[in-house]
Amino acid sequence: MSTVAAKPPGIDAGRIFIRIFLPAVFICAAMVWVLNAIAADRIENSSVALLVAIIAWLTACWFNIELSRLSILNLKLSRLRDLCVAAIFGIFILFLWEVFVAVFQIPFILLPPPSAIFERIMASLPILAADFYQTVIKAAFIGWCIGSFSGFMVAVLADRYGFLARGLLPIGNMISALPIIGIAPIMVIWFGFDWHSKAAVVIVMTFFPALVNTLAGLNASGQMERDLMRTYASSHWQTLLKLRLPAAMPFIFNALKINSTLALIGAIVAEFFGTPIVGMGFRISTEVGRMNLDMVWAEIAVAALAGSLFYGGLALLERSVTFWHPSYR
Amino acid sequence: MSAGTSKFGNAFLPVTSILLVLLLLWYVFAYVMNAPFQRELDQRAGENPSFSELVIKTWSQPKPTMPAPHQVAQRLWKTVFGVKPWSKRSLVYHSGVTLSSTLLGFLMGTGLGLIIAIGIVYIPVLEKSFLPWIIASQTIPILAIAPMIIVVLASINITGILPKALISTYLSFFPVAVGMVKGLRSPEAMHLDLMRTYSASNAQIFWKLRIPASVPFFFTSIKVAIAASLVGAIVGELPTGAVAGIGSRLLAGSYYSQTIDIWAALIAGSILAMLLIAAVSMAQSFTARMMGAQP
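Residue numbers (my numbering), protein chains in the order written: chain A, 875 to 1203; chain B, 1442 to 1736.
Incorrect hints may have been included.
Listed below are several chain B residues computed to face chain A (Cβ distance under 7 Å; list not exhaustive) [to be verified]:
{"#": "1", "residue": "A1452"}
{"#": "2", "residue": "P1455"}
{"#": "3", "residue": "W1574"}
Derived coverage of chain A by chain B (criterion: at least 3 residues anywhere in the stretch with Cβ under 8 Å from a Cβ of chain B; other residues may be distant) [claimed, not checked]:
{"#": "4", "region": "959-969"}
{"#": "5", "region": "1062-1069"}
The set of hints was computed from the structure by calculation and includes no laboratory data.
Small disclaimer: the values here were computed from a predicted structure and weren't measured.
C-beta atoms are modelled at their ideal positions from N, C-alpha and C, and glycine is treated no differently.
All chains should be modelled from the sequences, with the hints used to inform the complete structure.
As structure tokens, then:
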């Protein structure tokens, strides 16, 4: 028990130097050189740049494989490693995009390079902020809150009366599969061009997933646990608050996550049917018409960032609310 | 079989009664929303209708704020059975246009999703590097780039069904990829070990264990995928300038305030979605029977 201390597998300075450190330095150097060559517009070097870029990419692939094979016992380090692997993959998509656009001289209208999109984002921050406020904060977020909350409340009420629950579940399931986005023109006629009509579309789109998932979640607690609550002589509302709602949380968060995507889609697409002259959907459809593709991509980048951050925030919240769930242990 | 019918009997009464209540509410809603405009009209015409006359009038306006159910049903009947199916006024024609790009996009998306799932299951590094980006790609509103894809592809002379189908592909590959990763991994360790004791090759394990085990996951995912590709096809028709398809009917209806047309197109799209999902369910039960499941 005392003499033989097992050496942790895979942690070996020489091996790490050869397999991790050297390729990392080479990849960074190659990327900097290629990006410089492209920026200097030396077209005669383009085939060399392409070759170096592809070699760097293959090295990165190998590097990623090595990195993910590394057995790391520390949980935090291993999580950091997973993040690195994903980040390297994402960075290389952007890098190859930039290189291919430059080397093959893809027309700007077809696909602007990431650097041009980034420049456009930096140059038009006020416009992007105004569009973000109009579409995401006003239409999508308010609609998401009202829609999800009312779906949840209706589910809790319907759950009290089994008749309603049995009827609403199949109807809600069916409606969730319908192309609800089609009500956008109707809502624009009813509520006008401003954000209210977009929020209304989002409310209808998010209502049914919240309803269906909450109803399913309220049935997720086990029969044994419910029997236990009955032996405690707990009332319906006590059982609901102390057992069934906590048990339903994973389902409810699932609905909130689905709804966060639906809300952005609903708010943006609804703007195609008529808007004031601000908003992400408005900007996308007018700038496409003017062939300002970099502005369109800038809006998409903002939408992607907003969507991912919101989704990530929900995931963090879920983790802290449903800490007891087996998938986090 | 008996369990199935009793389940159906359990749900039948609640579902129909809720649908009936919704229908009633629709009529009440139609009256409430159309009444102010109708009163204004009557006032201008100098008429003073009784309440029942007013109600009837609100349910038969030509361009109502909210059409009554029977108006939508009439328009639907007229545009589906009243005109030749290949005429531009027929909803059958427009549904067909939407259906063709939905199905093409659905097939491409399912194929892409399967390839990605198999890749992720067999190449471990892809799970760490590729899967997070696939999930992130779905948190961004893909439909927002629909008009861009259409316009950009049109600028290099790719028009017609393919751009719309590409949008459907993007929307439908994700559920299939994620569902099939789960499905292909669903065989238990015991079963995998059993295959290994038979000295089965990797290909044999794939075809004889992983694929059959993933069938239920496959059908659950393609039900989501086919609904998503219909949405993609409809939204893809919006920026083409209202040429053909259910999406273009929605856009044309909103340009000319033809509310009854919008509702009819909406109902037609919903019927299409239900038919597609019913078709997938039928394929599912057929496959289950072919694989020897007890009915």
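Against the structure, the hints come out as follows:
1. A1452: 5 Å, holds
2. P1455: 3 Å, holds
3. W1574: 6 Å, holds
4. 959-969: As far as the region 959-969 of chain A goes, the hint holds, because 6 residues have Cβ atoms under 8 Å from chain B.
5. 1062-1069: holds (count 3)
Violated hints: none; the structure is consistent with every hint.
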